[in-house]
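Number of protein chains: 2
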Amino acid sequence: MKPYSNLKKDELKKELDTLLTEYKNYQALNLNLNMTRGKPCIEQLNLSMGMMDVLNSSVDLTCRDGFDCRNYGVLGGIDECKELLGDMIEVPKENIIIYGNSSLYVMYECVSRSMTNGVMGSTPWSKLKKVKWLCPVPGYDRHFAITEYFGIEMINIPMDNNGPDMDMVEKLVSKDESIKGIWCVPKYSNPDGTTYSEEVVKRFARLKPKAKDFRIYWDNAYSVHHLYDDNQDFLLEILDECKKAGNPDIVYKFTSTSKISFPGSGIAALATSEANIKDIKNQMRISTIGYDKVNQLRHVRFFKDLNGIKDQMKKHAEILRPKFELVENVLEDELKGLNLAVWTKPHGGYFISLNTCLPIATSVVDRCKKIGLELTAAGSAFPYHKDPNDSNIRIAPSFPNLDELKMASKILALSIKIESILYLLK
Amino acid sequence: MKPYSNLKKDELKKELDTLLTEYKNYQALNLNLNMTRGKPCIEQLNLSMGMMDVLNSSVDLTCRDGFDCRNYGVLGGIDECKELLGDMIEVPKENIIIYGNSSLYVMYECVSRSMTNGVMGSTPWSKLKKVKWLCPVPGYDRHFAITEYFGIEMINIPMDNNGPDMDMVEKLVSKDESIKGIWCVPKYSNPDGTTYSEEVVKRFARLKPKAKDFRIYWDNAYSVHHLYDDNQDFLLEILDECKKAGNPDIVYKFTSTSKISFPGSGIAALATSEANIKDIKNQMRISTIGYDKVNQLRHVRFFKDLNGIKDQMKKHAEILRPKFELVENVLEDELKGLNLAVWTKPHGGYFISLNTCLPIATSVVDRCKKIGLELTAAGSAFPYHKDPNDSNIRIAPSFPNLDELKMASKILALSIKIESILYLLK
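Going line by line, the protein sequences match chains X and Y. Position 121 (the first sequence) corresponds to 121 in our numbering; numbering is contiguous. Position 94 (the second sequence) corresponds to 94 in our numbering; numbering is contiguous.
Hints are not guaranteed to be accurate.
Which copy is meant is left open, because identical chains are indistinguishable; a pair holds if it fits in one copy or across any two.
Straight line, CA to CA, 27 Å or less: simulated DSSO-like cross-link-like pairs of lysine-lysine [as the list claims (entries may be wrong)]:
{"id": "1", "residue 1": "K208", "residue 2": "K130"}
{"id": "2", "residue 1": "K202", "residue 2": "K93"}
{"id": "3", "residue 1": "K386", "residue 2": "K304"}
{"id": "4", "residue 1": "K281", "residue 2": "K132"}
{"id": "5", "residue 1": "K410", "residue 2": "K175"}
{"id": "6", "residue 1": "K171", "residue 2": "K9"}
{"id": "7", "residue 1": "K426", "residue 2": "K127"}
{"id": "8", "residue 1": "K8", "residue 2": "K310"}
{"id": "9", "residue 1": "K336", "residue 2": "K212"}
{"id": "10", "residue 1": "K39", "residue 2": "K132"}
{"id": "11", "residue 1": "K410", "residue 2": "K278"}
{"id": "12", "residue 1": "K2", "residue 2": "K426"}
{"id": "13", "residue 1": "K212", "residue 2": "K129"}
{"id": "14", "residue 1": "K210", "residue 2": "K127"}
{"id": "15", "residue 1": "K243", "residue 2": "K171"}
Just so you know, the hints here were simulated from the structure itself, not pulled from any lab data. Every value quoted in this text rests on a predicted model; they were computed, and no experiment measured them.
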């Protein structure tokens with residue numbers, strides 16, 4: 001089929017009629033499909049059911065250093081859990097703090113703490129006239145929601161296949177003291193699936209921001225979330241690079257087991273320099289006596305070590321890989337040669353990122369919704385929900401089953417075709 | 001024995017020699033006793049081991065409304081858990097938000113949120129010149145640590161057997177718009193074991209603070225933590241009173257299962273008006289996708305209903321009661337008639353509060369520490385750790401065993417006698 005852009009008006013109209021008939025047929029099915037969020041499916045959840053058996057009333061709940069996990073105490077998390085998550089994200093356990101069930105919350109708290117009490121004795125951000133933040137785009141909507149909630153001005157940073165535009169990042173942070181942080185998903189990024197190149201990581205580690213309380217918010221959410229055994233991305237470990245660069249305190253690295261064990265009942269952690277940990281614990285000990293150590297122990301007893309986590313991730317991959325490939329194939333079949341959209345084929349993570357060639361993302365998402373396919377709202381991957389090109393659509397293939405995914409992908413492709421023609425006929 | 005105050009100098013010196021010999025004998029034992037914190041003992045922890053069995057890999061982890069507790073979602077907590085904790089603190093489930101494992105953290109977050117984003121659209125407290133807080137004393141050191149951390153000026157409010165001095169509270173909040181809150185432990189208060197009278201609760205409910213964003217922080221930590229079946233304190237439910245008084249939004253009520261199930265792995269909750277819940281959820285949905293629902297389900301499946309909780313609390317009481325009575329009896333035996341100290345005999349909660357008649361609390365605590373008895377630092381029950389009379393000592397009998405408690409109580413009494421004489425001989 002020829003690209004639509006090469007078709008004459010009457011050819012386009014004829015094609016549109018065919019497509020609208022197809023659309024009506026889907027409408028008649030009263031579908032209820034959802035591809036909005038990176039939510040594991042039931043088969044993935046079942047992979048962790050063994051976690052419900054490792055602790056029972058006849059098991060000793062004492063951790064390695066002899067502490068009774070059932071009681072109060074152990075502010076920063078139990079030693080063996082720090083070690084497990086440390087191994088997972090390639091950081092010594094001395095650099096780890098274990099939190100509750102949500103790494104999003106840990107990031108929120110880091111910004112909140114900086115607002116009220118500053119960073120290592122700096123002026124609390126809430127006392128400053130203006131606080132700004134760098135946001136590589138497209139990015140994670142929940143990151144942007146945090147900085148927006150605190151009234152922090154967000155600046156878009158373009159992404160390419162190597163990561164954020166580092167010339168722009170370096171230029172901005174070196175000049176503007178009101179820039180206090182940057183959101184990064186450095187591996188299998190949300191939504192593009194990009195992994196930052198070694199050069200990009202090294203340039204991050206060498207950043208010389210004007211603001212001494214500037215921190216890189218390094219959300220390593222998908223560190224072990226590969227889709228392929230033989231085709232995995234590699235990410236340089238940033239804490240070590242920052243140390244080498246004489247910049248040890250510049251990064252907060254976040255991780256969690258949310259997409260490894262149960263999403264709602266996992267373990268989140270922060271990895272950072274000893275100096276940052278000391279600063280953070282001064283606040284942590286005010287806010288809590290400690291997080292859920294029994295759940296920390298449960299994770300350690302279930303996974304045992306990094307190999308246990310890697311085995312689990314292979315099982316996740318076997319469930320997710322066919323779903324990603326199905327979506328990619330349907331889009332290929334339906335849109336090949338039409339020059340209507342481009343989309344990613346990630347090696348890991350939870351999303352396929354699609355960009356329409358025409359500014360029609362909003363109307364495509366609306367059109368899908370009208371016949372029962374829920375997609376993440378257009379613009380979600382951008383600060384203030386403003387996609388300058390109105391072209392990005394985030395696809396989350398993890399939750400629906402293969403039949404649902406096939407239909408959903410076809411409806412998406414169909415809606416892209418229809419809206420493209422309507423745009424061209426304007 | 002006569003009160004020391006009636007003894008002549010030489011009689012005091014003679015008595016002191018005897019006491020110091022006794023003290024040296026304890027010193028020789030190289031003791032390591034701890035009565036610092038309200039920490040459940042191992043026998044109490046064992047009461048909840050059944051909780052490790054209610055969920056296993058063959059149990060369905062779907063909650064009442066059909067939601068899979070293993071996955072993301074359900075921001076405010078699962079329905080049956082709201083109902084369980086609601087029943088426990090006499091509040092409809094519609095007024096409940098379930099959090100993570102720490103009610104201290106929930107209180108911290110409420111203050112933090114008010115600092116950065118205000119209360120129901122009010123000016124964020126961090127933007128105000130001055131924020132003040134009322135602190136009934138003696139009170140809970142961790143409460144005072146939160147307000148101190150946020151730079152909030154704390155004002156002492158005297159307590160009597162009915163609760164805080166309400167004349168003073170009403171006078172202050174009605175005039176001073178910078179007063180934004182008050183810390184309350186209304187039942188079996190920490191450390192005095194006081195339960196607020198009906199009149200005090202009603203006056204709280206009718207408060208007319210100048211600051212529209214003033215909130216009562218009602219830490220109902222010991223709602224079901226009775227020591228006696230037949231001798232229980234009764235506390236009027238405040239949310240309902242506030243509603244009746246046309247003051248529905250003035251209170252945040254906090255609770256948790258920390259001293260019911262496992263201290264480090266329980267469930268915390270906030271109870272407040274629908275309007276406050278709406279306001280709080282606007283922040284909550286930014287900071288997390290939801291708290292640990294599997295642990296919520298675990299608690300519901302273990303306790304089943306309020307009766308399950310009450311049965312559990314009776315078992316706790318059977319372990320705690322002898323410990324409280326032992327301490328009370330030893331103090332009675334050792335100090336009777338000497339007019340050196342008065343102490344509480346609470347009907348519930350976790351503490352005995354002792355006040356020396358002379359300003360010697362600091363030196364008594366130091367003297368105990370020198371021979372291996374750790375007590376909560378003198379002054380801890382007061383803002384900025386300043387006990388105006390240097391007389392209050394908080395005793396936490398829950399963790400040590402009976403033999404340890406007996407020795408600890410004797411050492412405490414002995415140290416009080418010694419320091420009293422040293423003071424009188426000055």
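Quick rundown of the hints versus the structure:
1. K208 - K130: within (20 Å within a copy, 36 Å between copies)
2. K202 - K93: Within one copy only: 23 Å inside a chain, 52 Å across chains, cut-off 27 Å.
3. K386 - K304: This pair counts as neither: shortest intra-copy Cα distance 44 Å, inter-copy 48 Å.
4. K281 - K132: both (25 Å within a copy, 25 Å between copies)
5. K410 - K175: Classified as neither: same-chain Cα gap 48 Å, cross-chain 66 Å, threshold 27 Å.
6. K171 - K9: Cα proximity of K171 and K9: none, with 47 Å in one copy and 79 Å across.
7. K426 - K127: Classified as neither; 50 Å inside a copy, 50 Å across copies.
8. K8 - K310: neither (54 Å within a copy, 78 Å between copies)
9. K336 - K212: Answer is neither: 50 Å inside a copy and 61 Å across each miss the 27 Å cutoff.
10. K39 - K132: Neither way: K39 and K132 sit 31 Å apart in one copy and 44 Å across, limit 27 Å.
11. K410 - K278: Answer is neither; intra-copy 52 Å and inter-copy 39 Å both fail.
12. K2 - K426: Classified as within; 20 Å inside a copy, 104 Å across copies.
13. K212 - K129: both (17 Å within a copy, 26 Å between copies)
14. K210 - K127: both (18 Å within a copy, 25 Å between copies)
15. K243 - K171: within (22 Å within a copy, 56 Å between copies)
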